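Asker: Here is what each chain is made of, one letter per residue.
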Amino acid sequence: MQKSTKVFLGLVVILVVAITGYYFAGGTFSFSAEDAESSGIGGVNKAEKYRSDKVAAELDLKGSEVQQLLQNDQFQKMMKDEKFRELMKSPAFTELAKNAQFMELAKNPAFTDLAKNAQFLDLAKSPSFTELAKSPAFTELAKNPQFMELAKSPAFTELAKSSSFSELMKSPQFMDLAKSPAFAELAKNPAMMDLAKSNKFTELAKNPAYTELAKSAGFQELAKSPAFTALAKNAQFLELAKNPAFTELAKSPAFTELAKNAQFMDLAKSPAFAELAKSPQFTELMKSSQFMELAKSPQFSELMKSSQFMELAKSSQFSELAKNPSFNELMKNQTFTELMKSSKFSDLEKMASFE
Amino acid sequence: MIKRLLLLLAFGNSAFAQLKMIETKDMRLAYYDFGHQYVFEHTGRCFHSALKFHKKLFDYSPSEKMTLLIQDFGDYGNGGATAVPKNAISMGLSPFSYTFETSPAGERIFSMMNHELVHVVALDNSSRADRFYHKLFFGKVVPTKENPLTAFYSFLTSPRRYSPRWYHEGIASYLETWMGGGVGLAMGSYDEMVFRARVFNNAHIYSAQGLESEGTTTDFQGKSNSYLYGTRFMGYLSYQHGPQKLIDWVKRKDGSKRSYSSQFKQVFGSSLNQNWSEWIAFERGWQKKNLDSLKKFPLTEAKPITDKKLGSVSYPHYDQKRNKMYVAINYPGKIPYLAAIHLADGKIERLTDIKGAALFYVSSVTYDKESDVLFYTTDNDAWRDLNSYDLKTGKTKRLQKDFRTGDLAFNKKDKSIWGIKHLSGLSSIVRIPFENPDDLTAPYSSTASNKSLLPYGKDIFDIDISPDGKILSAAVSDYKGNQSLLFFDIDSLMQNKIKIDTVFNFEISSPQSFRFTDDGKSLYGSSYWSGVSNIYKVDVLSKDITPMSNATTGLFRPIRIDDEKLFAFNFTSDGFQPVYVNNNKVENVTSIQFLGNITIARHPELKDWELPIPTPQEIDMKSLITNEGKYSPWKQIRINSAYPVVTGYKNFVGVGYTINLGDPLNFREFEISAAYTPTNWLNGLANKSDSTNLTLNSDEQFHLSVSGKIGRYSFSATHNQANFYDLFGPTKTSRKGTNARIEYTKSLLWDAPKKLDLIVGVGGFYGLQKSPFFQQIDTKGFSDSLFVNFDGTLAFSNLRNSLGAVDSEKGLKGSFRSMTATSNGKFYSNILASFDFGFQLPVKHFSVWFRTAAGNSFSEALNPFTRFGFAAFGNNSIDYQAARRYRNIFSFPGLSFIADRSIIARTFEKAMVEFVLPPIRFREMGGLNLYSNWMQATVFSSGLLTHDASTMNNRFVNVGSQLDIKIIIFSLLESTFSVGYANAFDLNENNKQYSEWMFSLKLLR
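For the record, the sequence lines run as chains A and B. Using the numbering used here, the first residue of the first sequence is number 1, and each one after it goes up by one. Using the numbering used here, the first residue of the second sequence is number 356, and each one after it goes up by one.
Read the hints as simulated data drawn from the structure, not as lab findings. Heads up, some of the hints might be wrong.
[As the list claims (entries may be wrong)] The calculated lysine to any residue pairs, modelled on SDA-like cross-linking and capped at a C-alpha distance of 25 Å, are:
no., chain 1, residue 1, chain 2, residue 2
1, B, K1181, B, I1132
2, A, K54, B, K1165
3, B, K752, B, K1165
4, B, K407, A, L61
5, B, K892, A, G43
Keep in mind it's a predicted model, so treat the numbers as computed, not measured.
Take these sequences, add in the hints, and give me the full structure.
Answerer: Right, here's the structure in full:
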């Protein structure tokens, strides 16, 4: 048996434990028959039977908690699968079951709930996810209700099968992020899940700045759009997203609105835009509603592809200018757009005293 | 039991092949399931605690480390132990069955270890003489039928193994009771009832020998009588003579007698039979006192609905519209079945057989009145299946296989079935919905959803659901033996929550079979609260409990019929009888005395036997463990025993030596045997009609045999194969030449008793003088030929019998074999098929069977593999194979091996009709160490058509009869003496008559 298969076995075990744990979290049978009152039955002479008056010790059974998992319906279903039974026999499973973190995890009601989910069960078969599930960080994460809610979604299941996602999940920053309700909301979006499978996105998501960004409601809204997903796969954009300034920008509702625009998304993929967006001025600019309106136009997209314009746009003056409604109107003009692409115009723009 | 379990291990789920193991100085504890790990240390602690106790009590030094297997092969807990050839214990993890309080509630691993270790100690404890024979034979010898001398060797090495079951179970149950502080059969309410009923019904109380020969076979309680009588007798001895005398009797040390009965006389000063008789007299007196005390208040009249006693019964279900009661019943002579009791006239109507009925609860049954469907469990001693029986169509259907759930209850509100599942030693409340979302055409087919899992130590049983679907009633026990009647809120259970309302703590008396009335306002059930099982009514709202009977023997499983009467089962010495009792409150119920109570009062030293349930503080398993890892059968292989043997080869006598090897769990078994036959050691017993047996060449003097089993594979190899039973004839299996065979067996279907096996084998034969299979087929001229033989067999059987049966009483059996031998580039193929079926006749244990067979060899050439031979009963005068050999395809009683006519065929068809008459039981025939317990006659007739162009075609018929008498030697060694007579008629020769007498003593089982 391959190691990955064994790992999968371990994952399955986790799943089972989870299911059982949840099932019985609310239904723990704590009654002792001895606790009940026995006051006799009227008219009936109770038989005298010798019984030792020594108090019986409490039974000490280590690891009985895992029975909650093993006797869960889902687990029992899985036990009908020969491969799964093979997995259960593996030393890897035994080792896993001895793992304190795993046992801790297995007791978590939320995780148990998650483990009932068909999608999650499907996910659990992925070797990379199995690997991930062994990490202490994941155990910690799995205690979070929001993450558990997230993990039930089909999209997340798809995502979590990717090896890069597994890599990502090991980062403390991402773990922190994943606990937030917002992330859970975001992760339900199929497009976002599609995005998250890319290696570069994984890299990005490890960045503290991105973590911060991803918690914002605006970004959550933005990230739901298919266009954003497409954008986020772009190497340049991923590079850009690590920049604190961009992070700041991306939190704004206006940016969210803008990002829904296909043209802007197309624009944002360019290396130049990535460069531009790192500047504080541009960030400031992007927050203005006028600029946002402008940026949605095909012309602006076209313009932004020009290196000269990009250079220009980094300047504070341009930022100021761009906030002006008239300028925005002008920018929509095809001729002006052409003009702005020229190096001369760029030079002119830089003459701050011109005004 | 252990043998069955080990077979399962060897041939069953491959998961068992990888056992995990821990070892301590005294123990090797193996388990195969991760889910059993939680009891691992607790089991180890209980083992060491019990072992320490027994070492001191019995002055016991184990001859070797004990192997302990934790298993979950059945839905109810059980244990098994042996000390021959190795000390081993099998511990079934499931909760016990508390039906009728036949088992007490308590901590079962603790009690099982206490109990099973008594068996090991009783068998393994040894005197100096025993240890001498251990050394001489390299261990403790298992008697094998192939070498009957092993029975003698076995007696020398393990003399106490040859003691009756009541002796072993009696002392184990008695000790278990007091080691558990009074929890056990020695204080059992059911036990008191059994003997009270026998006295009240003026029924026979078996003698020590009668118990073995008849009491454990014709009584509805079957082998549990060994426990009941054994424990009771031990209790009596303890009361009369003190508990230490018991120990002295069982203890096997220097100065003690080999035989349990001789040792009894040495310890108690008088014979076992005499003391047994005194016990019976005491018991009658004791029970009379109890019966008299019950008369202090008016006794409840039980009005029989039928004169019939139904043996064991399930919980009944009342069909008002048909005025019938549906119940599963199990009594001697009839295959257990689901029955309808016609309340108007007491008629018992058979509905359908129950496969795998339990001894006491028979089957768990529930009823959907609206749909006219009964639901019941099968395979009740293994992993239970769920089945339905449609009352309108009479059709049965298996709904779920191995669902491991019983104590069924039907929820009228949503048509769901609820039950108690047993898995890995735990009980859980489960629900099976009517609809399966994945398959709407298959109701009750979805996996049962687990609603509440009870922790280890708490068991739940006897559930019911209120008519409004809001309350689930149940009996719940804990490991301290307390048992309560509880109400569970079903809405909460549906959300996997627990909300419990306690009705009453019955303490150590079990609340049995409490069921809601149709209006849901009350429940009726029973309890031994007064020591006698009486009916109690519980008011659902107030939870008031009202006694409804003052029974003499015991009333069980009540159902309210109307305001006037209740249906119930009254316990009698022949089993449970359907009765009506008045539906009235009784004012007073008195209690009875328990023998155990007066014993401990007279002998308070019994309190010193009490053991606490060991804690980690008392026994630290971690410090005891010396090794942890996998159980490797190869590494555990040791010599089990080695001993001299006598062999028969042709008409000569030889001597040899056999070595047995194996691992403690028998995953690997090997036997090596070598023998030598001097040319002048002629066997005077042999008949001289076969000239090929009269000479012994020098190249035939040495004999070698090697055989082994490795999981599903087995192999054997012989050179000049010899056989002890050839000394007696007329059947000869010794053969000149060398052969080797490898066989692979796979169970394609294992749903006991249904079995379908595939057996594939390949063998090589060289130097053959005769057909390896038919002694009457000489094949001279092939001694220099190498034959390689390939064969494949499909064998199916589904044979059933009833309590007290000595043979299969109904069912099917069939096989198909294809065989191809090759030699010198030529191939010789043949096929063989058989099909038998039988059924019961209206008389108990009386059945008729039809047995058919046909075969064809595809080769006209004559060689050792191309012909079939038919002759004789087939039994040797001293034998080890099946006593009823006339059933074999190639037997033909009437035409003996020495007749002037033999039947050899290339193609044949054969049919037989056989009447198996009811056995006659002997209650007292012989003494304690040699007696006969039954005899049975069969009458048969068969016809045979054969075709062979190279010889001749034949048409034969025969008619014959056989009488078999079972003989028991030293309690354990079964033998069968058979006498048969048959006439055969050659229809092609003017009905020429041949006759044959057969006398045979089949040694060992």
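Asker: It remains to establish, for every hint, whether it holds in the given structure.
Answerer: Hint check:
no.	hint	in the structure
1	K1181(B) to I1132(B)	holds (20 Å)
2	K54(A) to K1165(B)	violated (53 Å)
3	K752(B) to K1165(B)	holds (20 Å)
4	K407(B) to L61(A)	holds (21 Å)
5	K892(B) to G43(A)	holds (13 Å)
The structure does not agree with numbered hint 2 stated previously, though it agrees with all others.
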